[in-house]
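**Student:** Residues per chain are reported as follows:
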Amino acid sequence: MPRKTMVEAIRDAMDVAMQRDDNVVVFGEDVGYFGGVFRCTQGLQQKFGSSRCFDAPISESGIVGAAVGMAAYGLRPCVEIQFADYMYPAYDQIVSEAARLRYRSNGQFTAPLVVRMPTGGGIFGGQTHSQSPEALFTHVAGLKTVVPSNPYDAKGLLIAAIEDNDPVIFLEPKRLYNGPFDGHHDRPVTPWARHPQGEVPDGHYTVPLGKAAIRREGSGVTVLAYGTMVFVAEAAATEAGIDAEVIDLRTLVPYDLETIVASVNKTGRCVIVHEATLTSGFGAELSALVQENCFYHLEAPVTRVAGWDTPYPHAQEWDYFPGPARVGRALKAVMEA
Amino acid sequence: MSQSMSEPGPLSFHVPAPAVRPGGTPDFSDVKISRAGEVRRPDVDVAPEEIRDLAFQIIRVLDRNSEAVGPWAGLLSDQELLDGLRHMMTLRAFDARMQMAQRQGKTSFYMQHLGEEAVSCAFRKALEPGDMNFPTYRQAGLLIAGDYPMLDMMNQIYSNELDPMKGRQLPVMYSSREHGFFSISGNLATQYIQAVGWAMASAMKRDTRIAAGWIGDGSTAESDFHAALVFASTYKAPVVLNIVNNQWAISTFQGIARGGAGTFAARGLGFGIPALRVDGNDYLAVHAVARWAVERARRNLGPTVVEYVTYRVGAHSSSDDPSAYRPKTESDAWPLGDPVLRLKNHLIHRGVWSEDRHKQAEAEVMAAVIAAQKEAETHGTLHTGPHPSARDMFEGVYEQMPPHLRRQRQQGGV
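Heads up: the sequence lines are chains A and W, in that order. Residue numbers are given in this note's numbering: position 70 of the first sequence equals residue 70, and the series is strictly consecutive. Residue numbers are given in this note's numbering: position 370 of the second sequence equals residue 1370, and the series is strictly consecutive.
Excised from the complex, chain W in its bound form:
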């Protein structure tokens, strides 16, 4: 017997940790970034085993010179790109105002998208009417880019008299069947297998609509994530399984959920699901990959896993302070840059945009957000003005109120 290895000593316990903590110098040198245009674009009917390598690269379109390059470029017109820029700017302005409103006590809670705007805004434009998203709390770009009224979003955030959810849900837990936006739970990962179930139903009914599931890097550790991949793989469900890897799950760095897997996209490989990785801060790349995955689903070729590599620049929520667990300058060091700035520079490079027009657009977008906010506030904020009645609290638990709940409502004096 070969004695090439020494006798084993005592075992040691392994807990992954991020490279740098507060006080340290941010370092992303271990993040392997593919060159823009470098990663190939396979046909949508490619066999999953032929593109296993794509789970370990990063599909990128915009290069350092703000040029769109490579096989994933060229899908969007000037106008579509200008619209995309406006959507991301709107989401950013919306976040800024609502974050401030939370600090002013007008609502209890808020969650912003800073740095991740491209993911949901660009994905939305790859869908058709009737398709259904099963989002997390950080995909409001699906609503903004789908022209859902900001006023309705704000009414929900304020839990005011026009709140479409009647004050029953935590701020930002929107729902709009009409806009293909499934009710956000606030629980984690539950929506992922639901998206697969919805997609299975669409296939069972020989419909043409597809579903998109959404999850964060941290929540991929939940068992519902794995259930979703099993079901999607087994039944070849027409679903796009999106993983938004923004590096942080509150204070927990992505390595805790990822473990020994090289990437989150690689989770799809064991299930025989094609898995792509994309620069989440590159609007063009996100859109191109979304289109590819959506087309696969639509052509009945089954599910696709897509990992969006991005960075959560802001706090997890209005209740979080990231300076306690990561360097304050870490977001500046993030190698994939800012999605708004990158698309802006690309549009300038294309000759359809300028610094002046951008400044003007920023002002216009902010004015529109503020106008919506002012109107929303005339209908009340969490603690002042008109709000849903206590009677509303008892409605909608069941289709018809059962006797025991009716008695409780009477006891409650409403």
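So here's chain A without its partners, still in its complex pose:
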């Protein structure tokens, strides 16, 4: 089977979706001729023409606002926000418009659009190229929020997102674009070409929104993670010698409660890991769900490992990043509780 990087898989997803449906259009800053700063749209303009893939002015609100209008017309825009950190000017269009259009018009108008954005840190991007704003989307009724962790899922989830009739926020962990980064920033990263999850079938397939995947089976403790933290959690469990079950949520909303509850009821312990800041992060929602649904099976307090409640720093990147050592300590603490 062909192996692809996450960038290639994402590009392939748009290529497949654009071939299958003339209404799929792709635009954003630098995505046309140049193919995007991370190269995710490379070649699409050449292949599909500049009315299907084109450059947009530097106006995130304009990009998403225009996409809402196009979606109301009947297109399926898949737009790129260059970094999730640049999303804030578009937030009103996402929250007040895309998310609510179906509801407020009683289905007369809908917003079947995808907003792709690279998320997370680990690339020395400082505070404006490293943030993980997923909780700002999971809090909004009417949105779906997806965070893939590998090329196979990225392609299948992105095709599913484009084909979905509701607005989907598609957060691409940029530290995973080239390989499964496990948080050991001082070691070389295995490229996707040598990783089984880098195997990406040609053509059309989907990974359903709302379904989690168990990445590592175990019986001692459940780790809930998504994006980059899936690999960090796996490394932490292996290095700490802990029989952890690592669940990759893949879709945050709608979340896969069934898989979460079954695992925590089995292990009796739960550690939640995300790169985003701790307070009011999506981990708080997960923690509440576990407490509400698994209380009588719990052997230890539900624990969160997350980014500190500071802006994303530059020089102190690896002090900020919840790497395998911090996750490993949390796993041990929960096992000893």
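Among the hints, erroneous ones may be present.
As the list claims (entries may be wrong) - With a Cα cut of at most 27 angstroms, we get these calculated DSS-like pairs of lysine-lysine:
{"#": "1", "chain 1": "A", "residue 1": "332", "chain 2": "A", "residue 2": "266"}
{"#": "2", "chain 1": "W", "residue 1": "1032", "chain 2": "A", "residue 2": "47"}
{"#": "3", "chain 1": "A", "residue 1": "47", "chain 2": "W", "residue 2": "1374"}
{"#": "4", "chain 1": "W", "residue 1": "1236", "chain 2": "W", "residue 2": "1205"}
Source of the hints: derived by calculation from the structure; they are not laboratory data.
Given the coordinates of chain A, work out where chain W should sit on it, guided by the hints.
**Tutor:** Chain W in isolation, oriented as in the chain A frame:
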């Protein structure tokens, strides 16, 4: 070095203020009004830079003698003008009844059009079926003049059992895809860039339909307004970008949003978009300019900015009291008069209308509005009678209800 200017002193901070506040005598002497018929009518394929002056004049057709004059006159037949008068009268009667219904507690909120009826009613007649408006909350004339049923509008205002929006939206936030009326958000300016996006999509699909965006003077300060102008200019989108300058954004006079620009229309000039200014209280002028801009869009010549100079005679909404921030008599002093009266007088001048027929029409229009209202009320008002179910509240958030919402609906006992 020349010392023609003295040394600078300390800086001073500038906050624009209207000429007159409550208690003062209304004064619109600084509003430059072009003579009816005075402003030229360029060809629709004119280069934008050749008509920059039109952003600073006011296109007017009806003169003081109620005659239609100049190059923008002569587009509408007697019957079309009589229809236009009926639409404006209907909107005015509708507003009066719904405003009263709000005061009677039959709904929570209402927004009227008093003084601005010509803008949306006349614009609507320049569009073709399939074109799409992205309106604000003060363009219900698009629906009235498009023969959307008043009953459906009232059902929405009452949030009753027949409310097309199932009780989910604030009163007057209508939506009708079929009538080319995009769902009103209630947020400001968001619809302006959406109109451009819709128009871009129409061009991308080589369709023939065009879009119209709507915004008020105050909301032109929002960044979405500027995003819309950039996108419209860059992609030459087939869209008419309407700015309704009714002088007041709740209590804030138009100078706060306009700043140092001479006019709102002039905002279009920096984007290379042709920009026209029109007497918003002159049904014939509004229609003629709308036709011009719509034709430009339809001929793939790109966007047009149109500023409608009008006056918000009523309160901003049922929650507003304008006497707190402007003279009570200011609307009487407004130099562009009343749109209904001006069209009525023009039709009398044309010999196809009379005072008696007008009185009779007023009674007929009001009777039709009251009949629709009575029927709507048999289906419930906000606090009494049948209304959308609590179950409806959970529907339509997504195409398919996700499990977490299903659980919440069960918890809610509906």
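**Student:** Next step is simple, just say for each hint if it's right about the structure.
**Tutor:** Evaluation of the provided hints:
| no. | hint | result |
| --- | --- | --- |
| 1 | A:332 <-> A:266 | 18 angstroms, holds |
| 2 | W:1032 <-> A:47 | 54 angstroms, violated |
| 3 | A:47 <-> W:1374 | 59 angstroms, violated |
| 4 | W:1236 <-> W:1205 | 14 angstroms, holds |
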